[in-house]
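Generate coordinates for the entire structure from the input sequences, incorporating the hints supplied.
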Amino acid sequence: MSVKKATPSSRLAHLAAAVPFAVCLGALPAAAGAATFSMQGGYGRDNGHGLEKYEVAARWDDIVQWQLSSRLALSLDGEVNLANWRALSSRPSSQLTEFGVSPIFRLSYAGEYATPFVEASVGLRVLSHTEIADGHRMGSAFQFSDMVGVGIAFGKAQRLVIGYRFQHLSNAGIEQPNPGTNFSMGYVRYRF
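Numbers -32 to -1, 1 to 160, taken from mature numbering (1 follows the signal peptide of the UniProt record, and there is no 0), label the letters of the sequence shown in order.
Don't read these hints as lab results, they were simulated from the structure. Worth double-checking, as some hints may not be accurate.
Claimed, not checked - Label-pair distances were calculated between CB atoms; the ranges are:
hint, residue 1, residue 2, range
1, Asp102, Gln35, 49 to 59 Å
2, Glu20, Ala140, 23 to 33 Å
3, Gln35, Phe134, 25 to 35 Å
4, Glu99, Trp34, 34 to 44 Å
The structure displayed is predicted, hence computed values, not measured ones. All C-beta atoms in this analysis are idealised placements derived from N, C-alpha and C, irrespective of residue type, glycine included.
Shown next, in the form of structure tokens:
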């Protein structure tokens, strides 16, 4: 087995990618005072690679909000995630842990008892391992997370939220192999 030696250009790429991660992580506590806090639980599957994941997230809604009309608003939210991936076909089960941080743009249309929304994000992830399932190997533990989603907030205070997300994780070609992982995810969130 050969060990791949890090080149100066790959070290520079990792450093350049880590800077936005550190900035986002550092900014979340400062923004938390002005935002609504919520907790989220979700489940997702990547049927192409035989993976499932369970995720919990802390979220700060409306860090910044732009009111586009009396009912339409664009918001910048922040999210910190912790997830466990599991290979469905491996015996014994192969698992890894994912940690991430994401700025999320959310476009919502406020109703009296329900507020539908769409959301999109490019976040940063770190994985505990670079291999899971039979042959699903990623070139680095550092990954980007692209996400688009839809959801709806319910009730007079809009505290309960359910939603769906499509999430793509890849290292953007920083290291090979870079097979990409695509999760279809459902989630429930509660705003405090």
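Quick rundown of the hints versus the structure:
Checking the proposed 49 to 59 Å range against Asp102 and Gln35 shows it holds: the Cβ atoms sit about 50 Å from each other. The hinted window of 23 to 33 Å between Glu20 and Ala140 holds, with their beta carbons roughly 24 Å apart. Take Gln35 and Phe134: their Cβ atoms lie about 28 Å apart, and the range 25 to 35 Å holds. Range check, Glu99 to Trp34: Cβ separation about 42 Å, and the 34 to 44 Å hint holds.
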